[in-house]
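Produce the entire structure from the sequences given, and follow the hints as far as they go.
Take a look at the letters that make up each chain.
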Amino acid sequence: MTRQKTIVGFMPLLDCACLVAAAERGFASEEGLDLVLIRETSWANIRDRTIIGHFDAAHMLGPMTVASTLGIGHVAVPVIAPFALGLGGNAITVSIPLWGEMKEQGARPGADARAQGAALRLVAERQHAQGKPLTFGMVYPFSCHNYELRYWLAAAGIDPDHDVRLVVLPPPFLADAMRAGQIDGFCVGEPWNSAAVHAGAGVVVMPTTAVWELSPEKVLGCRTEWAERNPEILAALLRALYRASQWCEQPENHADLAGLLAEPRYVSAPAELLHRALGNRLVLAPGTAPVALNDFYVPARHAATFPWVSHALWFYSQMARWGQVEFSSRHEAAVRSTYRPDLYRAALAPLDADIPSGDSRIERFFDERPFDPTDLRGYLASLP
Amino acid sequence: MSEPTLRILLVDQNVMRASILEEGLREAGCASVTVVRDMQNLLRRIVDVNPDVIFIDLENPNRDVLEQMFQMSRVVSRPVAMFVNRSDTETIEAAVAAGVGAYVVDGLKKERVKAVLDMAVSRFNAFNRLREELDRTKQALEERKVVEQAKGILMKEHGLPEDDAYALIRKAAMNEGRKVRDVAQSVVTAAQLLRPRK
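Protein sequences appear in the order of chains A and B.
If you're matching positions, the first sequence starts at 1 in the working numbering and goes up one per residue.
If you're matching positions, the second sequence starts at 385 in the working numbering and goes up one per residue.
Wrong hints could be hidden among the right ones.
[What the hints assert, rightly or not] Here are the simulated lysine to any residue pairs, SDA-like style, with alpha carbons at most 20 Å apart:
| id | chain 1 | residue 1 | chain 2 | residue 2 |
| --- | --- | --- | --- | --- |
| 1 | B | K563 | B | G536 |
| 2 | B | K529 | B | D566 |
| 3 | B | K555 | B | R528 |
| 4 | B | K493 | A | H74 |
| 5 | B | K498 | A | I52 |
| 6 | A | K132 | B | K563 |
| 7 | A | K132 | B | Q424 |
| 8 | B | K563 | B | R520 |
| 9 | B | K529 | B | R565 |
| 10 | B | K498 | A | H74 |
| 11 | A | K5 | A | R49 |
| 12 | A | K103 | A | I52 |
| 13 | A | K132 | B | M539 |
| 14 | B | K493 | A | V75 |
| 15 | B | K529 | B | M539 |
| 16 | A | K132 | A | D159 |
| 17 | B | K498 | A | V75 |
| 18 | A | K5 | A | D159 |
| 19 | A | K132 | B | L427 |
| 20 | B | K498 | B | L427 |
| 21 | A | K132 | A | I96 |
[What the hints assert, rightly or not] Facing chain A, according to a computed beta carbon distance under 8 Å, are these residues of chain B, among others:
| id | residue |
| --- | --- |
| 22 | L442 |
| 23 | D448 |
| 24 | V449 |
| 25 | V480 |
| 26 | A524 |
No wet-lab data here; the hints were simulated from the structure.
Everything numeric in this text was worked out from a predicted model, so none of it was measured.
For glycine and all other residues, C-beta sits at the position ideal for the given N, C-alpha and C.
As structure tokens, then:
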């Protein structure tokens, strides 16, 4: 029997791991799929090639699926997220000079988001007063990185649109831009924080799981129309990815996985850095020993692959909060229909999978302002 | 033409491709074409040029940088969107397949932009064909070089004339179901390994 060719686009980041494992370690072929992975250079390309059908599905930023469905920043094409590609994997890194100043204001290696934020605020205020506001980089306007960074800044009393400058930079350029003094900090997924530390350009302030507990990152995204035409291919792909995620979780597979990801056709980064991040250990500052960060990157545990509708709703709340879209309760149904736990459950039914019974949950943040997905308006009103 | 000429900004780090498109646009009567290679001052250039249409090559990771600039309408005076509207999916598809991203300011008449978009797509395709041809030529040259080397080795080792050396390689290739190039490469590699060590 010929296997069904399925084309999936991805970006060179640690969390393409489940896709790579599915393609390279037999999980896709066991489901009858010939999974072809195509590496891309920008999120905009991922979006365009997905919506015009070059890709059947893609490694996408969670908020991209919501933005595409609502038509924010681009043409409206309904896109769904029936599967999450793990949890976490992001961190916030600052330049060596900024870290020095933050330390003078009380920041410490491994301190919590509140303490680091309070220190940053004092530096940011001084810089702003001197007419030299701090500049932070992130990877895309519709990304968890953007919203997590903004959330942390705002909770610390720093207005991300006035007190600092936020710019988009592609991950491979971040370390160089930091060393050249063009940016003072950034929020990005691994291995790009470790790469900046490795290059002696920056210090990891904290993983973003310190901002949002068990925070999501990428999803598998595809056009609604494609999913409706190819329900069996999609279900097979979800099963392959689910089993690949279980494989990625096992420490005994990490060396093999890191070696695969390190190849030029995938992430093209040192295997050592990738291996460390898979084991939830990061070197926070140049020349220091790696430290353990609990649940830093989770491929499968804690229902890490489940597409929580509350994630989509939180992204929407942040789009409205930061003026990317005007809040409208009419959007809510469309946002809800973007994340598809129903397709996840149906596809994984034949497997012995541990699947949450609810579609949404209360999301928890470091500043003790829980997100209740049933009350978006109230939540938005409660934010600083 | 009664309407003012379109201002076009072209972001492409490939010098040859950029000049191929620039030439096409000028021939088609677009006098105002600015080419940007240096990404550092991109925002400044966008503000200065105030373009009606922006093209960027899709190999460029900075495409995400560009999109964020359009998001922040405070920075760019007029809203910019990729392509004109939803009905343009064919145009989008042709452009993406050719490897070019196109952004058009709001409110421009579709007919005015179409010719420019078509031009960009056809010039990018022309460049892709050129590049493929170049790759093939390079490969053929490489191949010839390896075969020449292998022939030289066999001529020296066995005291054969050139034609016989080539016939030997070809016969081995046919017998083993391999390409002449691959057999020649094996001969060269083997000769290097067998060379007396210093």
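The hints, checked one at a time:
1. B:K563 - B:G536: holds (18 Å)
2. B:K529 - B:D566: Distance ~12 Å between K529 (chain B) and D566 (chain B) Cα, so the pair holds.
3. B:K555 - B:R528: holds (17 Å)
4. B:K493 - A:H74: holds (18 Å)
5. B:K498 - A:I52: Since the Cα atoms of K498 (chain B) and I52 (chain A) sit roughly 19 Å apart, the hinted pair holds (cutoff 20 Å).
6. A:K132 - B:K563: violated (63 Å)
7. A:K132 - B:Q424: holds (18 Å)
8. B:K563 - B:R520: Holds. K563 (chain B) to R520 (chain B) sits at ~16 Å (cutoff 20 Å).
9. B:K529 - B:R565: holds (10 Å)
10. B:K498 - A:H74: Satisfied, since the Cα-Cα distance of roughly 19 Å is no more than 20 Å.
11. A:K5 - A:R49: holds (17 Å)
12. A:K103 - A:I52: Distance ~49 Å between K103 (chain A) and I52 (chain A) Cα, so the pair is violated.
13. A:K132 - B:M539: violated (72 Å)
14. B:K493 - A:V75: holds (17 Å)
15. B:K529 - B:M539: holds (15 Å)
16. A:K132 - A:D159: holds (15 Å)
17. B:K498 - A:V75: Cα-Cα ~18 Å, so holds.
18. A:K5 - A:D159: violated (47 Å)
19. A:K132 - B:L427: holds (18 Å)
20. B:K498 - B:L427: violated (25 Å)
21. A:K132 - A:I96: Judged against 20 Å, a Cα distance of about 17 Å means the pair holds.
22. L442: Interface hint status for L442 (chain B): holds (5 Å vs cutoff 8 Å).
23. D448: holds (5 Å)
24. V449: holds (5 Å)
25. V480: holds (5 Å)
26. A524: violated (25 Å)
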